[in-house]
Amino acid sequence: MIYNSFNFIIIYPILFFLYYCIPAKFQKVRNMYLLVVSYLLYLNWKPAYALILLGVTAVTYFCARSFEVVKNRKVVLLGGALLTLLPLLVFKYYNFINDSVFELLSSLGLRFKLPGLNWAIPMGISFFTFQALGYLFDVYHKRITAERDFLTFALFISFFPSIVAGPINKAALVIPQLNALRPYFDYSKAVEGLKMLLWGMFMKVVVADRVALYVDTVFPNYMNYTGLTCFVASLLYTVQIYADFAGYSLMAIGVGKTLGFELTENFRRPYFAVSVTDFWRRWHISLSTWLKDYVYIPLGGSRCSKLRNYWNIFVTFLVSGIWHGANWTFIVWGIWHGVFQIIEKAIGQQKCEYRWFGKSVKITITFLLVNFAWIFFRMPSLSDAVGMIGRIFDFSLPQSLYIGSMSTGALIVIGVIMLFVKDFTDEYAPSRLNFLNSKNSLVRWSSYIILLSMILVFGVFGADQFIYANF
Amino acid sequence: MKRFIVKILLLILLMFVVDRVGGLFFSYCVDHSKGGYVGHHQYISNELDKEVLVFGSSRAIHHYDAKMIEDSLKMTCYNCGQDGNGAIFNYGQWLMIRERYQPKLIIYDVYPGFDLLEGDNHKYLGWLKLYYNRKGISDIFDSIDSKEKYKMLSKLYQYNYNPVQIVADYIKPIKSVDSYGFRPLPGELDPLQIKNEDKEEEQYVFDELKIGYLEKFISDKGDANIIFVLSPCWYGMDLNSIKPVLDICEREGILFIDYANNPKYVHQDYYFKDGLHLNEIGASEFSKDLVKDIQELQIN
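Protein chains in written order, with the working numbering: chain A, 1 to 471; chain B, 1 to 300.
Read the hints as simulated data drawn from the structure, not as lab findings. Glycine included, every Cβ here is placed at the ideal spot set by N, Cα and C. Keep in mind that the hints are not guaranteed to be accurate.
To be verified - Below, in silico cross-link-like pairs of lysine-lysine (PhoX-like), each with a Cα-Cα straight-line distance of 20 Å or less:
1. B:Lys216 <-> B:Lys175
2. A:Lys71 <-> A:Lys25
3. B:Lys129 <-> B:Lys155
4. A:Lys189 <-> A:Lys439
5. B:Lys67 <-> B:Lys175
6. A:Lys92 <-> A:Lys71
7. A:Lys195 <-> B:Lys7
8. A:Lys25 <-> A:Lys142
9. B:Lys175 <-> B:Lys149
10. B:Lys135 <-> A:Lys439
11. B:Lys123 <-> B:Lys104
12. A:Lys195 <-> B:Lys2
13. A:Lys25 <-> B:Lys2
14. A:Lys189 <-> B:Lys74
15. B:Lys67 <-> B:Lys288
16. A:Lys292 <-> A:Lys306
17. B:Lys2 <-> A:Lys189
18. B:Lys135 <-> B:Lys147
What the hints assert, rightly or not - The following label-pair restraints were derived from C-beta to C-beta distances:
19. A:Pro183 <-> B:Asp83: 49 to 59 Å
20. A:Glu262 <-> B:Phe16: 29 to 39 Å
21. A:Phe393 <-> B:Tyr270: 47 to 57 Å
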């Protein structure tokens, strides 16, 4: 579900109240209701693709159940994992692999190409596939027992707040909540959820989508702008992708809370990270946890030789890059993050033992490293990304700055400052300026009204899609 | 649950009050704007009574010297062009003008991106939000997005397109409303703003909605003469990109003048500010050429 769409504003209150019409003692009925809603919302997008969601669910469910009865569990795991990954490989990577092989063969003088696929990628496929795979691995390693009720498991995979762009929830977190007798209504959780929805919406429509007006003007035509403008656009894209994705995650977690569920935390002020390693403890936490648990540690993690450890980091972030998209730009982005983490590890700079000045320098360096990596993430090709970076460092031209319209410029500044102040105080003084949770009800309610008004007056509506919904 | 519902209802009630008060504030700012963009739109929507009107995008507002047209044709003239807008917005403006009076001549500057090609049409509703309650405007919103009518129930949302500009144009506008609307671009060509020319033949996907509004504009023009103009472009312009306009002109017997591919302007740095826009010198030269052609063809 696209949380900043008009449909959400209309449909969600109805779904919410219908859910709470079901008494708490009818837990199964409540779960069934959520499952039906989740599938209906998915069907609403492209009905046929719900079969893929169902297929992935069925494969992981039956494979996990069969671990209890079969002797060769490894074969079942391998087969189940491959079958689970198959739709993702076909829909997301087929064209990329086909094109890459064609280019490779062409360079050897062989011209052979399979026909390309012109299909839309099923919404959220990377997220629900990884969530299902994580469950399969956890059952295989006996960290959890296989879920017996298919409907409960199907709800875990398709749960509508998180299916489009995560968080990638762990079965150990969500399935027990689905099976437990939840209280009829948890007031404080619901209020907390609404506050998360409110701030998430602000991040998306007031900050991310406003900043996007500038970013989308400069990035595709970077050759027509000065280095200074390109640099400012890259900084703003760094803000945009954070506000967009963290805003989405907050809204997803908030919707979950209003229904009484706890979902995985996904962001923890990533741009205050003191190293790239620290950045990945704060950015897309559910994915980095997944990669740590199911790629990095199985490869040997850090309990091995230094070189082997570096290799493990490299492979983990290569997988991260590939997960994000079928393009060399994402692979380079992943490698960039992997390489800088290896360097940090080699020179002992993963943590920060400096005082405020040293810490500020480390935060700035990390921010810039992450910022330049985002250029690869945003650009359609490696040559464009390199071209944009080249333009930033081209000092031969006069360094004027493109501002755009007065209104857009002013609103970008207001939005970015508000986001920065909120994250800064949450990071360093969580008890201060926390207006949304103030004990003074006047301050608290004024904050709600101001944020809602800002969303209405300054929000950009119509740009419905989230960046990460494309993954 | 009861407590939760009560508080939600209270929040909705408070927001309703804030929304109405905020709407009144912005409405006051718009009604009393002292110039700038808002003043320009207010003038066009409420006071304009000139004989020759220029419609189009930024290429209209920066290219057509309304004073020169007025002096040469001996008819009053106003440039109604608006940055980043095309057929949909122009039709909205035209509805409000037509309510008051009938101009003698309409010069419509065509730009395929805004007038003909497919794309997100929500952006053309921006300035029209201020005039949502005027006759016929809500139908334009409905044709683009049926959900807009519900969004427009919020008074704050009605001023969501350019709130900073609305307040700035009330307090201290950068530019006062002049009597011509023309905004020349001073300075020389910025070579950075020349994009690499893609020689590959493009496939154009036309937007039936935009073309429909262009046709409505023509059918609602009454006794006014109308001419379609492709103003100069540094790159030149592929006429396939405006094929629907050429077809309409042929069908309706409307004059079409192409300056975009006129060798006098194509690749002539001297006349341009960037690849799509003439500078002050270019605009003056082009306006002279246009007036001459209009006089020769005795359109007025």
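Now for the hints, and whether the structure bears them out:
Of the pairs offered as hints, the one joining lysine 216 of chain B and lysine 175 of chain B is violated, with about 33 Å between alpha carbons and a cut-off of 20 Å exceeded. A threshold of 20 Å between alpha carbons decides the hint, and for lysine 71 of chain A with lysine 25 of chain A the separation of about 39 Å lies outside it, so the pair is violated. About 10 Å separates the Cα atoms of lysine 129 of chain B and lysine 155 of chain B, which keeps this hinted pair within 20 Å; it holds. As the CA atoms of lysine 189 of chain A and lysine 439 of chain A are separated by approximately 16 Å, the hinted pair is consistent with the 20 Å bound.
Distance hint between lysine 67 of chain B and lysine 175 of chain B is fulfilled; the C-alpha atoms sit about 17 Å from each other, no more than 20 Å. Restraint check for lysine 92 of chain A and lysine 71 of chain A: not satisfied, since their Cα atoms lie roughly 33 Å apart, outside the 20 Å limit. Of the pairs offered as hints, the one joining lysine 195 of chain A and lysine 7 of chain B holds, with about 13 Å between alpha carbons and a cut-off of 20 Å not exceeded. Restraint check: the Cα-Cα separation between lysine 25 of chain A and lysine 142 of chain A comes to about 30 Å, which exceeds 20 Å; the hinted pair is violated.
Taken as a hint, the lysine 175 of chain B and lysine 149 of chain B pair is broken in the structure, with Cα atoms around 33 Å apart against an allowance of 20 Å. Between lysine 135 of chain B and lysine 439 of chain A the CA atoms are separated by roughly 49 Å; this puts the pair beyond 20 Å, and the hint is violated. Restraint check for lysine 123 of chain B and lysine 104 of chain B: not satisfied, since their Cα atoms lie roughly 30 Å apart, outside the 20 Å limit. About 19 Å separates the Cα atoms of lysine 195 of chain A and lysine 2 of chain B, which keeps this hinted pair within 20 Å; it holds.
The suggested pairing of lysine 25 of chain A with lysine 2 of chain B holds, with an alpha-carbon distance near 19 Å, which does not exceed 20 Å. Only pairs whose Cα atoms come within 20 Å are accepted, and lysine 189 of chain A paired with lysine 74 of chain B is rejected, the gap being roughly 72 Å. Taken as a hint, the lysine 67 of chain B and lysine 288 of chain B pair is honoured in the structure, with Cα atoms around 11 Å apart against an allowance of 20 Å. Straight-line distance between C-alpha atoms of lysine 292 of chain A and lysine 306 of chain A comes to about 17 Å, which keeps the hinted pair within the 20 Å bound.
A distance of roughly 15 Å separates the Cα atoms of lysine 2 of chain B and lysine 189 of chain A; the hinted pair therefore holds under the 20 Å criterion. For the suggested pair lysine 135 of chain B and lysine 147 of chain B, the alpha carbons sit about 19 Å apart, so the restraint of at most 20 Å is met. Between proline 183 of chain A and aspartate 83 of chain B the C-beta distance comes to about 55 Å, which sits within the given range of 49 to 59 Å. Our hint of 29 to 39 Å for glutamate 262 of chain A and phenylalanine 16 of chain B holds, since their Cβ atoms are close to 33 Å apart.
Checked against the hint of 47 to 57 Å, the pair phenylalanine 393 of chain A and tyrosine 270 of chain B fails, with Cβ atoms roughly 32 Å apart.
Of the numbered hints listed earlier, those contradicted by the structure are 1, 2, 6, 8, 9, 10, 11, 14, 21.
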